[in-house]
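**Student:** Single-letter residue listing:
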Amino acid sequence: MTDSVSEPALAPAIPASSRSVEPPLYYRHRLPVRVMHWINVLAVTILFMSGLQIFNAHPALYWGKSSYTGQPALLEIGARENASGSLVGVTRIFGHEFRTTGVLGVSRDAGRTYRQGFPDWLTVPSHQWLSMARTWHFFFAWVFVINGACYLAYTIGSGHLSRDMWPTGADLRGIGASIIDHLRFRHPVGEAAKRYNVLQKFAYLVVIFVLLPLVVLMGMAMSPRLDTVLTGWVDIFGGRQSARTIHFLVAWALCAFVLIHVFEVIVTGLWNNLRSMITGRYRVPPEAA
Amino acid sequence: MSLHIHDRSRRRFFARVGAAAGALMLAGCDRLSQTDWFPRFLGSAETLNRTLAGTIAGRKAMAQEFSPADLSPTFRSNGTALPQNAEYQKLAASGFADYSLLVDGLVERPHRFTLAELRALPSRTQITRHDCVEGWSAIGKWTGARLSAVLDRVALKPNARYVVFHCADPMEDDGTMPYYESIDLDDAFHEQTILAYDLNDKTLPIQNGAPVRLRVERQLGYKHAKYVMRIEAAESLADINGGNGGYWEDQGYQWYAGI
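The listed protein sequences correspond, in order, to chains H and Z. Take the first sequence: its letter number 141 is residue 282 in the working numbering, and every next letter is one higher. Take the second sequence: its letter number 151 is residue 152 in the working numbering, and every next letter is one higher.
If you're looking for bench data, these hints aren't it; they were derived computationally from the structure. Keep in mind it's a predicted model, so treat the numbers as computed, not measured. Heads up, some of the hints might be wrong.
[Claimed, not checked] FRET-style restraints, in silico, Cβ to Cβ:
#1 A150(Z) - C291(H): 43 to 51 angstroms
#2 D31(Z) - G310(H): 46 to 54 angstroms
#3 V348(H) - R17(Z): 25 to 33 angstroms
#4 G243(Z) - V348(H): 36 to 44 angstroms
#5 R113(Z) - A394(H): 20 to 28 angstroms
#6 D261(H) - L186(Z): 51 to 59 angstroms
#7 E236(Z) - A290(H): 52 to 60 angstroms
#8 P206(Z) - V182(H): 48 to 56 angstroms
#9 E222(H) - L186(Z): 43 to 51 angstroms
#10 C291(H) - A22(Z): 49 to 57 angstroms
#11 T420(H) - S78(Z): 27 to 35 angstroms
Every residue gets a Cβ at the ideal spot worked out from N, C-alpha and C, and that includes glycine.
Can you make the complete structure from the sequences, with help from the hints?
**Tutor:** In structure tokens:
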């Protein structure tokens with residue numbers, strides 16, 4: 142059932158009979174998936190960067206129903222002046238202090254230093270501007286959610302989920318081998334390259350069904366009005382400030398996923414992968430090396 | 002591939018393209034933020050937020066209330082801690098004995114409420130969470146007159162759609178631009194919307210908005226106007242100050258602060 146070749150739309154684009162020097166192009170990603178992928182790239186990028194700008198308005202994280210519970214903050218990004226009067230960026234995590242001048246707490250620009258949680262180049266808009274960041278964030282939150290809902294409907298309705306993403310028994314038995322292959326940067330060739338590998342499947346499933354819904358839900362938990370839908374529902378996650386902390390951590394987990402994803406895209410052939418997500422056509426790496 | 006470029010230089014090329022694209026995107030976002038039309042376009046999502054909130058969280062849905070164990074040790078003061086307003090400071094010096102709250106605008110019977118009158122109105126005590134737009138929360142116990150009781154007393158005219166709060170704290174250093182806020186009638190007549198005069202069983206301190214501050218529990222902190230001097234019922238917000246219904250709203254913040 143994992144053999145995508147049985148699916149007509151996924152059949153080789155160029156007949157095997159045409160004796161090309163290069164292996165044939167294979168139709169890997171269908172149009173709806175490609176369009177929704179790039180809308181998602183835009184939405185998630187803006188959400189992440191405007192989210193960090195929103196965080197900069199109060200660069201601290203807490204656990205509990207409120208920020209002022211008598212317990213110290215879990216994370217605090219700040220600045221203080223040293224003996225010679227220059228600004229030092231200070232990040233405190235669970236009471237441990239780190240000097241983070243230039244990255245967190247204090248930014249440098251053309252010899253000037255100024256207080257800023259996350260630096261300009263990571264936020265939208267780039268300078269401190271909470272109301273504008275919220276305006277960007279909430280607009281692209283809707284883009285993301287509507288796009289995500291369409292993707293879910295498509296991926297379930299078209300069979301993409303059960304056919305291409307759900308791990309098979311053979312997948313599960315091959316986890317160990319797949320981990321070793323990934324660590325050695327050995328990538329599938331031939332028929333195997335047409336399918337998602339087992340680690341890829343797990344990563345996608347966790348992102349699609351755990352991290353993304355969770356980040357949305359925790360965003361909603363921060364809304365005082367949406368908190369009233371079911372009295373106390375936010376306490377399931379530890380309270381509003383815990384929800385804010387989870388929202389932040391999941392955002393960074395998604396960032397880590399994107400970094401690994403982009404890394405894998407590069408090492409398995411940047412142009413080939415990019416083309417397959419733009420035109421749908423993927424050149425299958427030949428079997429024998 | 003037939004390209005005769007070394008793999009490493011090709012990778013460097015793509016890294017540069019990526020960095021350039023990122024810088025361009027950032028600059029583009031900043032440029033768009035400075036225009037009039039783009040933030041207004043993005044702001045259209047506010048209608049969706051309000052519709053969603055109204056649909057899944059009913060008009061009368063109650064904000065969560067907490068137990069005394071959840072109280073924040075001290076209730077953080079944010080924004081103005083002492084209004085730079087001579088008239089206000091004179092009132093404060095005599096313990097607000099001469100304070101009165103004017104309620105007028107689109108009402109049948111405009112009235113000045115003394116503090117004693119406010120304290121005699123039907124009241125409510127609630128332990129609620131205050132969520133600042135910056136991201137922090139604090140939990141406090143508030144007691145105050147129900148805004149619905151105040152509005153019933155003056156009787157809104159049928160065309161009144163908003164309740165506007167005019168405050169004593171000037172937002173400019175030269176003493177101008179007094180803080181103001183506004184809410185719709187759903188929130189004005191909500192059971193938990195009160196004009197608070199006590200915080201944590203003590204008279205409301207000046208740093209938290211004495212003698213009277215609004216509590217509108219299903220919205221963010223900036224809606225909870227402190228130092229309220231006058232309440233005005235209005236049909237439209239367009240002609241009041243900057244026209245967006247509040248001091249922060251005039252600076253670009255959302256009028257609907259339920260998100």
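**Student:** All hints, please: hold or fail.
**Tutor:** We went through each hint and held it up to the structure:
| no. | hint | verdict |
| --- | --- | --- |
| 1 | A150(Z) - C291(H): 43 to 51 angstroms | 48 angstroms, holds |
| 2 | D31(Z) - G310(H): 46 to 54 angstroms | 52 angstroms, holds |
| 3 | V348(H) - R17(Z): 25 to 33 angstroms | 28 angstroms, holds |
| 4 | G243(Z) - V348(H): 36 to 44 angstroms | 43 angstroms, holds |
| 5 | R113(Z) - A394(H): 20 to 28 angstroms | 56 angstroms, violated |
| 6 | D261(H) - L186(Z): 51 to 59 angstroms | 43 angstroms, violated |
| 7 | E236(Z) - A290(H): 52 to 60 angstroms | 38 angstroms, violated |
| 8 | P206(Z) - V182(H): 48 to 56 angstroms | 49 angstroms, holds |
| 9 | E222(H) - L186(Z): 43 to 51 angstroms | 50 angstroms, holds |
| 10 | C291(H) - A22(Z): 49 to 57 angstroms | 26 angstroms, violated |
| 11 | T420(H) - S78(Z): 27 to 35 angstroms | 59 angstroms, violated |
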